[in-house]
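Residue numbers (my numbering), protein chains in the order written: chain E, 1 to 673; chain C, 1 to 199; chain D, 1 to 164.
What the hints contain is simulated information worked out from the structure, not anything from laboratory work. Every value quoted in this text rests on a predicted model; they were computed, and no experiment measured them. Using N, Cα and C, we set each Cβ at its ideal position, and we do this for glycine too. Treat the hints loosely; a few may be bogus.
[Said to hold, decoys possible] Quick partial rundown of chain E residues pointing at chain D, CB under 7 Å, derived from the structure: (1) ARG345; (2) LEU449; (3) ASP454.
[Unchecked claim] Pairs of lysine-lysine, DSSO-like flavour, derived with a Cα cap of 27 Å: (4) C:LYS159 <-> E:LYS572; (5) C:LYS159 <-> C:LYS77; (6) E:LYS573 <-> C:LYS159.
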Amino acid sequence: MTAATVNAALGNAGLLLMLVASIVGALSTVAAVRSGNVRALRGVSRYAWLILAGAVLATVMMQRALITRDFTLAYVQQVGATSTPALYNVAAMWSALEGSILLWVLVLAGFTAAVAWRYRKRTDDPLVAWAMVVMFAVSAFFAFVAFGPASPFQTVAIPPGFVDGPGPNPLLQNHILVLFHPPILYLGYVGFTVPFAFAIAALVTGRVGEGWLMETRRWALFAWAFLTIGIILGAWWSYEVLGWSGVWAWDPVENASLLPWLTGTAYIHSVLVQERRGMLRVWNISLLVATFALTILGTFITRSGIISSVHAFGAGEVDGYLLGFFGVVVFVSLGLIAWRGDRLRSPGSIDSPVSREGAFLANNVLFTVFAFVVLLGTLFPLLVEALQDRRTVVGAPYFDRLSMPIGLVMLFLMGIAPVLPWRKASTELLRDRLFWPAWMGAGCLVLALVLGADGWAPLAAFGLAGFAAGSALRQLVLATRRQGWRGLVGRANGGMVVHLGVILIAVGLAASNSFTHSATIPLEVGTVQRWGGHTFELLEITEEDTARVNVVKAQVLLDGDQAYAPAITLYKKIGANIGTPSVRTGFTKDVYLTIDGTVRPEPGATEVTLRVFVKPMILWLWIGAGLMAVGTLLAAFPGHRRRRPTDPVSAPIGDPDVEPAAVEPAAPVGAAP
Amino acid sequence: MSVVEAPESPAEGRGRRRVAPIVVGVLALVMIGLFVLLAGAGDAKNATANTRLLDRPAPEATARAADGSTFDLARRKGSWVVVNFFQSTCIPCQQEHPELVAFAEQQQALDPTIAAELYTVVVDDAQDAVERFFAEEGGDWPVLYDDDGGFAVAFGVAKVPETWIIDPEGFVRARFISQVTAEGLGTTLQQLRELREPT
Amino acid sequence: MSARSLNRRLKSTAGWVALLFVVVAALAVGATRDTGPQSAGDRVDAISRRIACPECDGESVYESRSRASEAIRTEIRAQVNAGRADDDQIIEFVAERFGGQVLLVPRSTGIEALAWALPAAALVVGVTALFFAFRRWRLEAAGVPEPTDDDIALVAEARAAERE
Numbered sequence: 001m002t003a004a005t006v007n008a009a010l011g012n013a014g015l016l017l018m019l020v021a022s023i024v025g026a027l028s029t030v031a032a033v034r035s036g037n038v039r040a041l042r043g044v045s046r047y048a049w050l051i052l053a054g055a056v057l058a059t060v061m062m063q064r065a066l067i068t069r070d071f072t073l074a075y076v077q078q079v080g081a082t083s084t085p086a087l088y089n090v091a092a093m094w095s096a097l098e099g100s101i102l103l104w105v106l107v108l109a110g111f112t113a114a115v116a117w118r119y120r121k122r123t124d125d126p127l128v129a130w131a132m133v134v135m136f137a138v139s140a141f142f143a144f145v146a147f148g149p150a151s152p153f154q155t156v157a158i159p160p161g162f163v164d165g166p167g168p169n170p171l172l173q174n175h176i177l178v179l180f181h182p183p184i185l186y187l188g189y190v191g192f193t194v195p196f197a198f199a200i201a202a203l204v205t206g207r208v209g210e211g212w213l214m215e216t217r218r219w220a221l222f223a224w225a226f227l228t229i230g231i232i233l234g235a236w237w238s239y240e241v242l243g244w245s246g247v248w249a250w251d252p253v254e255n256a257s258l259l260p261w262l263t264g265t266a267y268i269h270s271v272l273v274q275e276r277r278g279m280l281r282v283w284n285i286s287l288l289v290a291t292f293a294l295t296i297l298g299t300f301i302t303r304s305g306i307i308s309s310v311h312a313f314g315a316g317e318v319d320g321y322l323l324g325f326f327g328v329v330v331f332v333s334l335g336l337i338a339w340r341g342d343r344l345r346s347p348g349s350i351d352s353p354v355s356r357e358g359a360f361l362a363n364n365v366l367f368t369v370f371a372f373v374v375l376l377g378t379l380f381p382l383l384v385e386a387l388q389d390r391r392t393v394v395g396a397p398y399f400d401r402l403s404m405p406i407g408l409v410m411l412f413l414m415g416i417a418p419v420l421p422w423r424k425a426s427t428e429l430l431r432d433r434l435f436w437p438a439w440m441g442a443g444c445l446v447l448a449l450v451l452g453a454d455g456w457a458p459l460a461a462f463g464l465a466g467f468a469a470g471s472a473l474r475q476l477v478l479a480t481r482r483q484g485w486r487g488l489v490g491r492a493n494g495g496m497v498v499h500l501g502v503i504l505i506a507v508g509l510a511a512s513n514s515f516t517h518s519a520t521i522p523l524e525v526g527t528v529q530r531w532g533g534h535t536f537e538l539l540e541i542t543e544e545d546t547a548r549v550n551v552v553k554a555q556v557l558l559d560g561d562q563a564y565a566p567a568i569t570l571y572k573k574i575g576a577n578i579g580t581p582s583v584r585t586g587f588t589k590d591v592y593l594t595i596d597g598t599v600r601p602e603p604g605a606t607e608v609t610l611r612v613f614v615k616p617m618i619l620w621l622w623i624g625a626g627l628m629a630v631g632t633l634l635a636a637f638p639g640h641r642r643r644r645p646t647d648p649v650s651a652p653i654g655d656p657d658v659e660p661a662a663v664e665p666a667a668p669v670g671a672a673p
Numbered sequence: 001m002s003v004v005e006a007p008e009s010p011a012e013g014r015g016r017r018r019v020a021p022i023v024v025g026v027l028a029l030v031m032i033g034l035f036v037l038l039a040g041a042g043d044a045k046n047a048t049a050n051t052r053l054l055d056r057p058a059p060e061a062t063a064r065a066a067d068g069s070t071f072d073l074a075r076r077k078g079s080w081v082v083v084n085f086f087q088s089t090c091i092p093c094q095q096e097h098p099e100l101v102a103f104a105e106q107q108q109a110l111d112p113t114i115a116a117e118l119y120t121v122v123v124d125d126a127q128d129a130v131e132r133f134f135a136e137e138g139g140d141w142p143v144l145y146d147d148d149g150g151f152a153v154a155f156g157v158a159k160v161p162e163t164w165i166i167d168p169e170g171f172v173r174a175r176f177i178s179q180v181t182a183e184g185l186g187t188t189l190q191q192l193r194e195l196r197e198p199t
Numbered sequence: 001m002s003a004r005s006l007n008r009r010l011k012s013t014a015g016w017v018a019l020l021f022v023v024v025a026a027l028a029v030g031a032t033r034d035t036g037p038q039s040a041g042d043r044v045d046a047i048s049r050r051i052a053c054p055e056c057d058g059e060s061v062y063e064s065r066s067r068a069s070e071a072i073r074t075e076i077r078a079q080v081n082a083g084r085a086d087d088d089q090i091i092e093f094v095a096e097r098f099g100g101q102v103l104l105v106p107r108s109t110g111i112e113a114l115a116w117a118l119p120a121a122a123l124v125v126g127v128t129a130l131f132f133a134f135r136r137w138r139l140e141a142a143g144v145p146e147p148t149d150d151d152i153a154l155v156a157e158a159r160a161a162e163r164e
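Chain E on its own, in the form it takes in the complex:
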């Protein structure tokens, strides 16, 4: 009993410590920076350490409570079970609302401390000081939510007869990815707080030049990379667990993670224009504000239950606070931008739409429109309900229809933009540089046709993907020729590797969305069924029984060479049957087997009905994701020597005079297909 009360007491103490340290830190830093008290400013980072200590203490106590199954905590009663395996028990912390806020708090505290450590010698710089104020303010908000309305440390009396909790939602305890997907996603979500903090600091101090941008470049890239990986892990989890063979359902919760990714991606492109030309200041700040605000909005959507979704947490007490915080973020930022409007005007102009800058602007318009479409589709049911008081849903086919043309234009831009020089491109130059990439696109198009693809949209996607890949490869080949291995690092070249990853994903999505086939196949032991060029034979139905689960597996011999075992798992504590697919992964196509329906076949039965999906090129998605991660790492690695941070960072491919003979060696690349 005493051990149990320790969990709640120390957990609450940790959150309270974080809350107080955040508030005191924010207020005292504001006071110090306004009065110019340099000594006080030098001590600012100590608040960050207190915040981190508080968050770590709270997390440790929550983990301890989960491990010791301390059922005096309401949260542990909700998600804890003695039979949950250790790893899923760790993940149980973020399997419901309160704990997921605690994870957010931990990651935020980590970022706050990381910023404080990184700039520990520069906290007397007002820009850094104000950035810390913003970090403290955001920490204060989340610490408050975790301490008050969404406290995971609420104690309740153990109801009479209570022996054991149900454990986490079954979908959150049957795949190892639940350990990685949420924390990585949160690293991405929360990571955007740092560039946002610096953007606000730049507005407050009026130092809206490029200095703050340089400071936050890596932070933004880091957050973006984790958001990307988190989203793709989510898609992978969906594919491996949910049993309908899809990777992306345009579910409101998925959209909530895509929205900041879209604006964040727009930002990491358009920021290059500001670094290089000092333009688009308002725009870049707006994108950062939008990205951060969208992470809050996404959290609100996920936690408030206003939109039905498979992954939404139940409606909690936090929605009002989150919505209020979202409003504060948006209106304070808008106000600051309006206040600093004059300083944000930047001199200079973009000479030609056919230039690197022009391509980045077009990219930004596309990403913004895309984000708008996703937001509109996600919130549209609310709009209809508010205006006409009837219920509607907006689902995947709507998003698919609208994102298809946007995706095609994006691929086209990815083909053109890398060869464009800054300032202005001549027709001559475009003709010269785009020739082989364009032929590579044509080659991919013809190849896809020969392999049996049909329909103009997927064919256009394959062709444009080839074109974009041609441009990216051309840039990489030229850069490695000139600089050796350094031609793969740095932002421009690493960016091209990321592009290649995106292209693989685009190809995989186009193929799997357009050419998936499915069938419902009744199987009987001893009879071989044929469908879609494959044979299926039921060997036997087996059963595994543990205290936690009862698994019924259909052992199915696929194409006569290997057995696959789609299963239905009964989670005894919850009484839910969860299907688990079994997938034969291949480079060109996956065969995805699930047991149809929710009715469990009896162990020892001789028949079962399978739902089978044949999906082409799914593996390309995961390869593409890996390439994106590698590319981001390469991009974060310092490129070729730079004297000042404001020097251009892309490879000097844009200047025709640097690249006299470099054009023709690109030929073999284009000739490859």
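Take the given structure of chain E and dock chains C and D to it, following the hints.
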């Protein structure tokens, strides 16, 4: 969140002082609208009993009777029909059952020409489980088995229990989502009968 | 040297015309070969992707394994096999029964048309803004607009701010 108007921002620069306030103003308006929309949104999980089938002919639907014969809803024209969608493992259905038993007794006490026929349509459940349930909990009205789910689809029934009232002309007159009471069902039926009387 | 001149000749107008020809021909072949969903099963999939599972949260009938979705799939399969109705009619049939909230694609009439009109409007706004921005920048580069004193002061201030 500068989604709609933001593309304007690149256009900012010299000589655009008149545009900027408009952009900020429009943006602020859009944001306020969004804010109101989100703040006003209720919980997404409220079902309504409205159906487009209301006051229209009941859909064609067939099910298997307990003895294996085919039940055709269209043949029941001429009398009031109350259809209850049911599953023996669903808690609200179990709670509702005594009310249905009371309702059935109520109807049996009435003049057979106006009494309603009660049918239970079993959705996704095993026949022996249902029979056991009826044996234990009472109820002697016909039980129908919707093996392929076609009956429930025809009526657009997503979650049991649901109860529908169909008039002697075969028109859908009422739909109840979730549990009903004998009193509620009886009163509605009485009102519907009275509505029909003048004609 | 000859490789270089060959390269140059390839990249001439003729090379691009050939490219255009190949692309257009391939797309034309691919598009005409498109015969829509090939089998009844594919058609059932295509239809069920457009209908929301009525008893779950935000899944489509195609994805969902719930009982209602199974039943709706069975119904769609029956209607597809009967061959009487086209896709839209089958979807309308289901919507009649379960209500408009099972339609995953907004209709193009009434308020739901906004879901289609607003993205188009956003694109137009974005492209128009870009167009005007570039036009202004071009005029500026050509020295056409006379900056006011105000503007000049602003630029000076911004430059100063940048230097600091």
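Under the constraints set out in the numbered hints, which ones does this structure not fulfil? Failing hints: none at all.
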